[in-house]
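*Asks:* Construct the entire structure; sequences and hints are all you get.
One-letter residues, chain by chain:
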Amino acid sequence: MPEKVIYDIVIVGLGPAAVTAALYSYRNNLKTLLVGESFGGATLVSGEIENWPGIISTTGFELSEKMEEQLKKYCMDETCMKRSLIKSIVKNGEFFSVIDKDETEYVSKSVIYATGGEPRKLNIPGEQEYRNHGVTYCATCDGPLYRGKDVAIIGGGNSALKSAHMMKNIAKSVLVVTINPEFMGEQISIKQLEKAESEGRNVRTIKNGKTIEIKGNDKFVESVVIEHLDSKEKEEIKVQGVFVEIGLRPITEPVKNLGLEINAAGEIVANREMKTNIPGFFVAGDVSDLRDKQIIVASGTGCIAALSASEYLAKLGG
Amino acid sequence: MTKEFFMQKGVAYTEKSVATDQIAAQEMIDKSGQMGVPVTIISDEGKEEIVVGFDEERLTSILGLA
Chain P
1 MPEKVIYDIV IVGLGPAAVT AALYSYRNNL KTLLVGESFG GATLVSGEIE NWPGIISTTG
61 FELSEKMEEQ LKKYCMDETC MKRSLIKSIV KNGEFFSVID KDETEYVSKS VIYATGGEPR
121 KLNIPGEQEY RNHGVTYCAT CDGPLYRGKD VAIIGGGNSA LKSAHMMKNI AKSVLVVTIN
181 PEFMGEQISI KQLEKAESEG RNVRTIKNGK TIEIKGNDKF VESVVIEHLD SKEKEEIKVQ
241 GVFVEIGLRP ITEPVKNLGL EINAAGEIVA NREMKTNIPG FFVAGDVSDL RDKQIIVASG
301 TGCIAALSAS EYLAKLGG
Chain R
1 MTKEFFMQKG VAYTEKSVAT DQIAAQEMID KSGQMGVPVT IISDEGKEEI VVGFDEERLT
61 SILGLA
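Which chain is which? The protein sequence lines are P and R, in order.
Mapping the first sequence onto this note's numbering, position 19 (from 1) lands on 19, and the numbers just tick up by one.
Mapping the second sequence onto this note's numbering, position 16 (from 1) lands on 16, and the numbers just tick up by one.
No lab work stands behind these hints, which were simulated from the structure alone.
Between beta-carbon pairs, the in silico distance windows are:
no.: 1; chain 1: R; residue 1: GLU27; chain 2: P; residue 2: ALA314; range: 54 to 60 Å
no.: 2; chain 1: R; residue 1: SER17; chain 2: P; residue 2: LEU85; range: 22 to 28 Å
no.: 3; chain 1: R; residue 1: ALA24; chain 2: P; residue 2: GLY259; range: 46 to 52 Å
no.: 4; chain 1: P; residue 1: ARG201; chain 2: R; residue 2: ALA24; range: 26 to 32 Å
no.: 5; chain 1: P; residue 1: ILE296; chain 2: R; residue 2: GLN26; range: 34 to 40 Å
no.: 6; chain 1: P; residue 1: LYS172; chain 2: R; residue 2: TYR13; range: 31 to 37 Å
no.: 7; chain 1: R; residue 1: ILE23; chain 2: P; residue 2: LYS121; range: 30 to 36 Å
The structure presented is a predicted model; accordingly, all values stated were derived computationally and were not measured.
Built from N, CA and C at the ideal position, the CB exists for glycine as well.
*Replies:* Here it is as structure tokens:
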């Protein structure tokens, strides 16, 4: 029986944080395995990207493709990069045991965990019933299917604003609902949305509005019910599409038994070196407790995590 | 992922972009009864199987690739 491979680093995820960590680790000649489901992670569906230095404008899809292309310069086979979903990570003595959905085990001296998050749900009546029947969590993926229709974007941050800008050029009308008193994204994006509304274009915004129900005809969405928090009045608004853009829920199920410190938002707590409370276990990107969920920040933390892991391995004598 | 799967398995396919092709978008909604992507339609002697999302197990089973 062949001897079990022991990796220096297993990097979990395929988004910008994981990819950057892998680049640094490959270039450091560390025995590295990058493992995740699909290249780009949340970046893949980020739509237009205009805040990545050196590239005036690109899309999440293009950037993800470029990341994959770049990695292939260093890794061409499954000994260093594998497409699979990681199910659990446990500590076995001095090593981490990383197990995928097919029960394949990868043994490693250190782990960089960069799984990012999945869309948060509203958890209101109608949301689950009409998922993919008018309720979607990805404007970039599904937006074009709502051409000429009335849609609602639920959320007030950058993702919601981005979706609103995309949909105002596709849909008949766009309703943007935030539960907060103000939108909380990039000022340039907020101003553009408010301008479109004030000019009487196809945009309506509701602040202090709580989305309480999604209604339909048993097949597709027909309306959304908003409670105005100021007046307590409820308003039913006809829409055929509801885009839920209220942030990400960190994916931490695979590491729930490691004893990691997790904050109230469910994110893994890390210091500025991306170290967690478990020696040898590093985090990067949106799964960590960093404030700013941005592609460039995720990449930056991937770099920090890789360098910290490298230092950790050097101290181990590996 | 679906496209990569087909390429890896050497399965010939025709791609329709529902983002740019309104007729294809309506066809997808009518046939799958939902609005999520991707949708794979596998035709065999007039009989159609619809797979919503990337479902490797189902695709493998319908196409007899196991």
